[in-house]
Amino acid sequence: MPHLSLEYTSNLTNLNVNRFLHELNRVLVDSGQFEEIDIKSRAVRFDDFLIGLSPEQRAFVHLKLSIMSGRTMETKRELSGRLLERLRELCESDVGLHVQLCVEVLEIERESYSKSVITS
Amino acid sequence: MPHLSLEYTSNLTNLNVNRFLHELNRVLVDSGQFEEIDIKSRAVRFDDFLIGLSPEQRAFVHLKLSIMSGRTMETKRELSGRLLERLRELCESDVGLHVQLCVEVLEIERESYSKSVITS
Amino acid sequence: MPHLSLEYTSNLTNLNVNRFLHELNRVLVDSGQFEEIDIKSRAVRFDDFLIGLSPEQRAFVHLKLSIMSGRTMETKRELSGRLLERLRELCESDVGLHVQLCVEVLEIERESYSKSVITS
Chain A
0 MPHLSLEYTS
10 NLTNLNVNRF
20 LHELNRVLVD
30 SGQFEEIDIK
40 SRAVRFDDFL
50 IGLSPEQRAF
60 VHLKLSIMSG
70 RTMETKRELS
80 GRLLERLREL
90 CESDVGLHVQ
100 LCVEVLEIER
110 ESYSKSVITS
Chain B
0 MPHLSLEYTS
10 NLTNLNVNRF
20 LHELNRVLVD
30 SGQFEEIDIK
40 SRAVRFDDFL
50 IGLSPEQRAF
60 VHLKLSIMSG
70 RTMETKRELS
80 GRLLERLREL
90 CESDVGLHVQ
100 LCVEVLEIER
110 ESYSKSVITS
Chain C
0 MPHLSLEYTS
10 NLTNLNVNRF
20 LHELNRVLVD
30 SGQFEEIDIK
40 SRAVRFDDFL
50 IGLSPEQRAF
60 VHLKLSIMSG
70 RTMETKRELS
80 GRLLERLREL
90 CESDVGLHVQ
100 LCVEVLEIER
110 ESYSKSVITS
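Chains as they are written, first to last, in numbering that gives the first Met the number 0: chain A, 0 to 119; chain B, 0 to 119; chain C, 0 to 119.
No incorrect hints appear here.
One copy or two, either will do: identical chains are not told apart, so a pair holds if it fits within one copy or between any two.
Below, in silico cross-link-like pairs of lysine-lysine (DSS-like), each with a Cα-Cα straight-line distance of 25 Å or less:
| # | residue 1 | residue 2 |
| --- | --- | --- |
| 1 | K114 | K75 |
| 2 | K75 | K63 |
| 3 | K63 | K114 |
These are computed hints drawn from the structure, not numbers from a lab.
Chain A on its own, in the form it takes in the complex:
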């Protein structure tokens, strides 16, 4: 915890995944809410997608941040807002694309969450 999931449509051909993950993790580190090593981020590209029903060129990025339950709404809003702000700066829209950027905050149930670390 936290877990970050960067989900995006494959027509965003300018999206540099490694850079995005680095910059978004940086936002989380800078928030002071998390230990650096605990931030586990991944990207998922959707090759099959459909936005509405129209043949127009549309794309989306859906960022999901899962954090332990118990944080205040103010903290969650702030994290969500900062991630969206960074996402906006990072996104150089492809010519002719209509891109929806979304940030969702999910809560992990603390009492049933288990974790362990293996080092070799």
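Dock chains B and C against chain A, hints included.
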């Protein structure tokens, strides 16, 4: 919002992803609950899966609909039921397959959700 | 229901997906909480990921168990703990990797969940 995720096992070789996404989005548009352009749908195929422990030919489709919190249970049930109905009609089971179809409705926390649109 | 999702970073090259799914499903069957055929498990490998900001060799496994709402916290904790225990036994860490293992329990809203079975 809404976000739709069509997740399915790769042994469903007759599943036409583009058609499914179009038909499911159509159900959401026709419900009158959402703006057409807001419906963001994606498909995810699982090449690695296991249903129970048996070597039998089994498959599943797991449809996840994420909508903003605040809608009534009646509305959520209706959306879930309609999507399942359409899914049933669309699925032509492969010979010999036992297919489980599931529709789950998830709520997005409205207060911490952020969104922005980029057009170029 | 239940749905199990085994998500892992692609640098875990020793991870045998089929064996993991079988062993984790076995844990769920042995718990006595579920019908064998209802256990729908899938694996997702992340080729693009970043843990924190450091260039160190880090990996993670994120196991998500989605069950119907209504079970006691004790049951959820027990399921989570047993899955983590099995995961630990299964994971033979690659040399030099720091691996975080996480098990999250999610609740599916019972009232809006729809299901159907097709057999051919």
